[in-house]
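Quick note, the sequences are listed as chains A and B, same order.
Here the first sequence is numbered in this note's numbering, starting from 1 and rising by one per residue.
Here the second sequence is numbered in this note's numbering, starting from 1 and rising by one per residue.
For the record, the hints were derived by calculation from the structure and aren't laboratory data.
Hints are supplied without guarantee of correctness; some may be wrong.
What the hints assert, rightly or not - For lysine-lysine, the following PhoX-like pairs were computed, each having C-alpha atoms within a straight-line distance of at most 20 Å:
{"no.": "1", "chain 1": "A", "residue 1": "K157", "chain 2": "B", "residue 2": "K100"}
{"no.": "2", "chain 1": "A", "residue 1": "K48", "chain 2": "B", "residue 2": "K261"}
{"no.": "3", "chain 1": "B", "residue 1": "K213", "chain 2": "A", "residue 2": "K48"}
{"no.": "4", "chain 1": "A", "residue 1": "K204", "chain 2": "B", "residue 2": "K100"}
Said to hold, decoys possible - Okay, the calculated beta carbon distance ranges per label pair:
{"no.": "5", "chain 1": "A", "residue 1": "L221", "chain 2": "B", "residue 2": "E19", "range": "30 to 36 Å"}
{"no.": "6", "chain 1": "B", "residue 1": "E19", "chain 2": "A", "residue 2": "D158", "range": "33 to 39 Å"}
{"no.": "7", "chain 1": "A", "residue 1": "R4", "chain 2": "B", "residue 2": "R96", "range": "34 to 40 Å"}
Glycine residues also receive a C-beta, built at the ideal position from the N, C-alpha and C atoms.
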Amino acid sequence: MAKRVGMEVALAVAEAVGQCNIDMAAVYPITPQSHIGEHLSDLVADGKIDAEFVTVESEHSAISAIIGASGTGARVYTATSSQGLMLMHEILPIASAMRLPLVMGIANRAVSGPLNILNDHSDIMPQRDCGWISLFVENGQEAIDLSIQSFKIAEHKDVNLPICVNIDGFQLTHMVEPVEFPDQELVNKFLPPRESFATLHPSKPVTMGAFAMSDYFTEILKAKNEALKSSKKIILEVWEEWAKMFGRTYKPVETYKADDAELLVLTMGSMGETAEMAIDELQAQGASVGLVKLRLWRPFPFAEIKEVLMKAKRVLVTDRAVSFGGPGGPVCGEVKAALYNESHKPVIYSSIIGLGGRDVTVADFTGMINRVIKGEANVDTYEFWGVRE
Amino acid sequence: MNIVENFDLFAPRLINKKELLSAGHRACQGCGEVLAVRLMCKALGENTVIASATGCMEIISSMYPTTAWEVPWIHVAFENAAAVASGVEAGLKALRRKGKIDDREIKVVGMAGDGGTMDIGLQALSGAMERGHNMLFVCFDNEAYMNTGIQRSSGTPMGASTTTAPAGKVSMGQKTWKKNVTEIMVAHNVPYVATACPSYPLDFINKVEKAKKVKGPAYIHCFSVCPTGWRSPSHLTIALGRLAVETGIFPLYEVENGKYKLSSEMPRKLKPITDYYKTQGRFRHLSEDEIKMIQSRVNKEHKKLLNKVDCLEAWD
């Protein structure tokens, strides 16, 4: 029987990864990720999991080392945050081109400068086009569930791509939440051992990471693109299986009291639960508002997002990152692109909020929503919410 | 009898006949580096996994969809060969312990050029050596960024002309002394460190075999003549490697558990460095005074090495 416990989310993530029979992990310390790596090394030190824990000298070497280990057929994990993720950036598209099923936890944190250790999404956004599957969680339970599911998705024979689970730094990683760990026996059933297409072993020598010029490069990138796009089918299958086995359902785009709402607010990550309270409050006052929560960032769920948003007259997209001098928040840019070819589409507003750990409260959401309702929000450009000017 | 001079007689009996880096790769004529890699593979044998840095050896051997590698081989990026190798080692170790792969010794080898070892890859190398992985790292040092077009590195010798430290009216070319990464590896207290050169194939092979037997990190710094970058005739590759050793510019030695030992190929009396310089375009511009200044440094460095050979003892 699954037990319900109170645990810090970062530790819970490490526990969940420990349930996945990993062979190797390489993690470099960075706030607010560090507790994941620390707890994982605890599990190894106590003999609770049989894995090599490599104490690399940088995040660049962390991602490089797990690529090497994954090449041997090992099940691997790393976790990082902010500057660490930026340091890994060079290697991320190589990992996906090599079609290695790496799993990475990201304790999302603002990117310098100025130096800041608190949450926003400016670390993951520059990694958007690296060919990784990218998921967002809203609470500790989701962080556990998606961490386990990630191995199954990444290692699926039709996927073979790296995957990252975005867990808002501090807001989630450092919260003690009631969480439930799935039974180990069920996890073993859900997640069979990794079967690799090819491995670095002398019994059958292979060349990995070859050099390709213009005669093959485009074809290899197209193959990666196809793999990433079609991974959605596998993600949906895995979520369906998870729902059957563990009773918790996941969707690429989730909604909260969104039926027939004229104005929809869109969030990604831990802000969703705060936004729910704002929706409750505004609906009680008679406003026609609802909430849409984006879970699957890559591959972007175009069909699902259209289906939900096309019913509304107005959409307010919130972003915890800035595309400087660009179309607004990165999420808003994708949402607009998804709806562009539709003839009767909602008006879209873009709000940048919660940068560098600035608190996002229920009042912030009601404030932003009321501004849109009253017609005061600027539709021509993106706005920084709650900024001192 | 000199083994090297009677190489044809001895080679078939002393050297693994199997080619693990096959012919048909794209290296330049007279490439000392690819010869060294080929010999290294022979010494390592089939139970080897190689992690290579970006560079000449990577692009000449792995042009998709072809490959010259007959051993498992992985390339990820420029600066991280040592980190990738350490991951391969950790992965194989865990899989073997857990019975997921067959139970045999597999040597993991990281390899890079001087740039990928001494400059951009130094951090990853230091980390991997410090962590004590059971791996060998080999630096194939051709003394500049040859793959990108002969730019200077910290491995470029004083006075050499390169495309980013060219000789000019007011410059002698490289203005810094070659970084001594071999000594940096010795300072990591790894069990086995050696210098080698494919102009002495049996010495090189012996060193690789020794490094292979080490249970822990080992490092070999392999001098690799580059006719393209050094502007030297391609048929002189072997001779130039020998002259680098005979002039004391690149001494051959081993450091086993901290104990220094000169290789038997080292001459008692060094030749003047001009013997080595005269066929290389990269040194052509040097004045007599500049050569004198470099000669004096080579002499001092050699004396320093001899002192270490005499004085330092093994820790084990």
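Exercise for review: Hint by hint, work out which the structure violates, then give me just those numbers in ascending order.
Suggested key: 2 and 3
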